[in-house]
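Protein chains in written order, with the working numbering: chain A, 96 to 539; chain B, 96 to 539.
Since the hints were made in silico from the structure, they are not lab data.
In this text, a Cβ means the ideal position worked out from N, Cα and C, and glycines have one as well.
Any given hint could be a false lead.
Cβ-Cβ distance ranges computed for the label pairs, FRET-style [claimed, not checked]:
1) A/194 <-> B/235: 45 to 55 Å
2) B/358 <-> A/144: 41 to 51 Å
3) A/113 <-> B/375: 53 to 63 Å
4) B/355 <-> A/173: 52 to 62 Å
5) A/106 <-> B/432: 33 to 43 Å
6) B/117 <-> A/232: 24 to 34 Å
7) A/395 <-> B/355: 33 to 43 Å
8) A/193 <-> B/114: 54 to 64 Å
9) A/401 <-> B/219: 47 to 57 Å
10) A/401 <-> B/378: 19 to 29 Å
Some chain B residues close to chain A (C-beta under 10 Å, calculated; not the full set) [as the list claims (entries may be wrong)]:
11) 377
12) 425
13) 446
2 protein chains.
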Amino acid sequence: MAQELLRIIRENNISELRQVLQRMNSVDIAKSMEELEGKYLLLVFRLLTKDTSAEVFSYLDKESQQKIIELITDDEVKEIIENLFLDDTVDIIEELPANVVGKIISNTSLEKRKLINQFLKYEENSAGAIMTIEFIDFKEGMTIKEAIDYTRKTGVNKESLDNCFIIDRERRLKGIISLKDLILSDENMLVSDVMETNIVSVKTFEDQERVAALFKTYDLLSMPVVDIENRLVGIITVDDIVDIIEQENTEDFQKMAAMEPNEQPYLKTPVLTLAKNRIVWLLVLMISATVTGTIIQGFEDVLQSVVILASFIPMLMDTGGNSGSQSSTLVIRGLALGEITTKDFLKVIFKEFRVSIVVATVLAIVNFLRLYLFTSADLMISLTVCASLFFTVILAKVIGGVLPIISKKLKLDPAIMASPLITTIVDAFALIVYFGFAKLLLGI
Amino acid sequence: MAQELLRIIRENNISELRQVLQRMNSVDIAKSMEELEGKYLLLVFRLLTKDTSAEVFSYLDKESQQKIIELITDDEVKEIIENLFLDDTVDIIEELPANVVGKIISNTSLEKRKLINQFLKYEENSAGAIMTIEFIDFKEGMTIKEAIDYTRKTGVNKESLDNCFIIDRERRLKGIISLKDLILSDENMLVSDVMETNIVSVKTFEDQERVAALFKTYDLLSMPVVDIENRLVGIITVDDIVDIIEQENTEDFQKMAAMEPNEQPYLKTPVLTLAKNRIVWLLVLMISATVTGTIIQGFEDVLQSVVILASFIPMLMDTGGNSGSQSSTLVIRGLALGEITTKDFLKVIFKEFRVSIVVATVLAIVNFLRLYLFTSADLMISLTVCASLFFTVILAKVIGGVLPIISKKLKLDPAIMASPLITTIVDAFALIVYFGFAKLLLGI
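The shape of chain A in the complex, shown without the other chains (with noise of 0.2 Å):
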């Protein structure tokens, strides 16, 4: 779609290009602008309508949005500030450069700049800071006509309408009722008789971790914010929610793989950010390694007599790795959607050693008859092979499934005890038994 804008705007048929963009939906907009350089961006975005212009800019990048604050008039970023969503304004100031936010602030009113320093003081990543506060709140003693009449008048800068609030003298919520319930009650009746009292709220400091799980559990489409009085403060929508699941699963990933979190996107992020969120762990890792070297350094006098032992140790280190890194995903899996908690401690525990006495076994068998029928190894190195095999799977996946849970009831993030550190473990153990068993059964 950028292509046909470039297009269009090369052949600089103006009456087309207001055309084509008043069919086209406003996310659309802004990915195709994304694509444009500065004169063009300028050119397209002062061609937008009132109403759009300001949704538009709600979608664009950073960059993109740094851009046209620079380039615009005074009036021009007056005009876009005061049609947009304040969590929106919010999210702007946050991420975009010093001198760029100067120009916003001052093009600001005081009502609506008190607004942003109160927004700017909840912490990351809290219900404050993810709420809006455009939501219609109606009195106890309303009727459902007078609500509907007072939503007409009041009702067209509110960003989610699907839900109503009531609130008493002091601000305090006392029901909610969805904008279906005021269409389809009798006119006369009191919103208070029509409301649902059974409110699912959260408080503004509250995680948004929380947030989202209460959304999924509820089936919500929006929820009220309250501060430690119960007053209403903002409502929270599920479209923020959406984003947030998608980011909460993409730091799991992300631990899960040993790294630092982050929230930019890979193509937007820098070489040196990259860099530096992945060597942290890679380097703890590799140091943890010299455990296993010294261990096989321990048993040197085994390997200079079986060489062959040798060329089994990456099989073996990884068949333990990868086992214990499926039992740990499942359960990190199920930490997080609050399908296990800590109390399954046991059952965990009891579920994957069943399962992995089912594993290792066939693994054992698998890898006993390739290795005797199919290769040099005779009948004892096949034996301490398989032998080690089997009991490397077994603790790895107790160790797996145990260890997440082990985490979290620490406080820690369960993520981080993935694949990466699970692996570490599980070789140093897998070495000892191992040579163990080398020992024992090939007599050295």
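Once you have looked at the hints, place chain B on chain A.
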């Protein structure tokens, strides 16, 4: 909460029980009921009001749903099915055992049975299979007032009312109007003047993953589903999309840890199923490790003369594996979120190459200092280990970045190109480089 219910049940205080149930959210009632045994389960279920019983039933787990269907009368089954939304009924029928399904089907009206059969024909995980048919549609010529009146008359049983749909005589989708716009618009205007015509819709056969991606891109609350002739047949709502996003993420986590994907919660999956899901990939990877074994055996003379070389193999392999899986995780995730496409092939190679140079240099220097200064390894052995480490990390990162994209190009799931497979590939390379350098630098 289940404890409180159980206490009240034991005290046989029916009126208190009824009151408590009235105050509780349907989701919470369902969760508590799942912990009750058969006769108490039935007691609580029968105390629910007609309005809530079907909703609570849809939130129950499979086992409790089965128990209830088995215990209640045919008339009660009829009532539940009448009040359930069609997509929930279909889900229940797909998951319960045949005898229970028989009891449900024989208590379902012919008309509803036809609809259910229609639904069961949609492929699993297609838009058709996850849509619901409870939506409101307006004719093009209606005024806003007529539309509101029509909604009042027909809207009570519709699952989602946030958006209504405008269709022509052939039921082809013409536009969307939100309930918000319906309330806020002038009563005398035509719905076709107010409706949004820039519609994001999907066809019945499209994959749920694509549907979820559209919801995320366009921040939607609901989306129309059309057949190949653009006739409106259903809608998909965002609460189902939230579940699908988590399900797709869980699948990716499982595939990336070399497991067959499985939707059941961990604690409810039988031991043999868990074992079966894990064993296939473990066997494949174990047998692939034959390659590394063969490589080591090919260099037996090198190991024989410098046995200490064996002690660095685990560190080399693990660091290579970890480096590769960091890259593959970022690229797999980027592909899943649509931040990376197959067109970015060269960009990813170039990026990973630059990142890997930085990471490999730091790791190699740290490791060299550690080996040379703090262990018995001499200069040449330290150099051998660190040169191998340097090239292994670079190769691991480039392979880790590239394989998921190739996989996607070949229409395979990029998630299988994760840690376990990358590790197996990188292992072989690491060993060849390692023994190559050993021969070169140590003159063996």
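*Cβ separation of residue 395 of chain A and residue 355 of chain B, checked against the hinted range 33 to 43 Å*: 41 Å, holds
*Can the hint on residue 425 of chain B be confirmed by a CB-to-CB distance to chain A that is less than 10 Å?*
5 Å, holds
*Regarding residue 401 of chain A and residue 219 of chain B, is the given constraint of 47 to 57 Å on their beta-carbon distance met?*
53 Å, holds
*Given the range 45 to 55 Å, decide if the beta-carbon distance of residue 194 of chain A to residue 235 of chain B lies inside it.*
51 Å, holds
*Would you say the C-beta atoms of residue 358 of chain B and residue 144 of chain A sit inside 41 to 51 Å of each other?*
45 Å, holds
_Outcome of range test on Cβ distance (residue 113 of chain A, residue 375 of chain B; 53 to 63 Å)_ = 57 Å, holds
_Within 33 to 43 Å: is that where the Cβ-Cβ distance between residue 106 of chain A and residue 432 of chain B falls?_
35 Å, holds
_Given residue 377 of chain B as an interface hint, is its Cβ closer than 10 Å to any Cβ of chain A?_
6 Å, holds
*CB of residue 401 of chain A to CB of residue 378 of chain B, is that within 19 to 29 Å?*
26 Å, holds
*Does the hinted range 54 to 64 Å hold for residue 193 of chain A and residue 114 of chain B at CB?*
At roughly 58 Å between Cβ atoms, residue 114 of chain B and residue 193 of chain A fall inside 54 to 64 Å, so the hint holds.
*Beta-carbon spacing of residue 355 of chain B to residue 173 of chain A - inside the hinted bounds 52 to 62 Å or not*: Holds - the Cβ-Cβ distance for residue 355 of chain B and residue 173 of chain A, about 57 Å, lies within 52 to 62 Å.
*When the nearest CB of chain A is found for residue 446 of chain B, is that gap smaller than 10 Å?*
The hint holds - residue 446 of chain B has a Cβ within 10 Å of chain A, the shortest such distance being about 7 Å.
Checked against the numbered hints listed earlier, the structure breaks none of them; every hint is satisfied.
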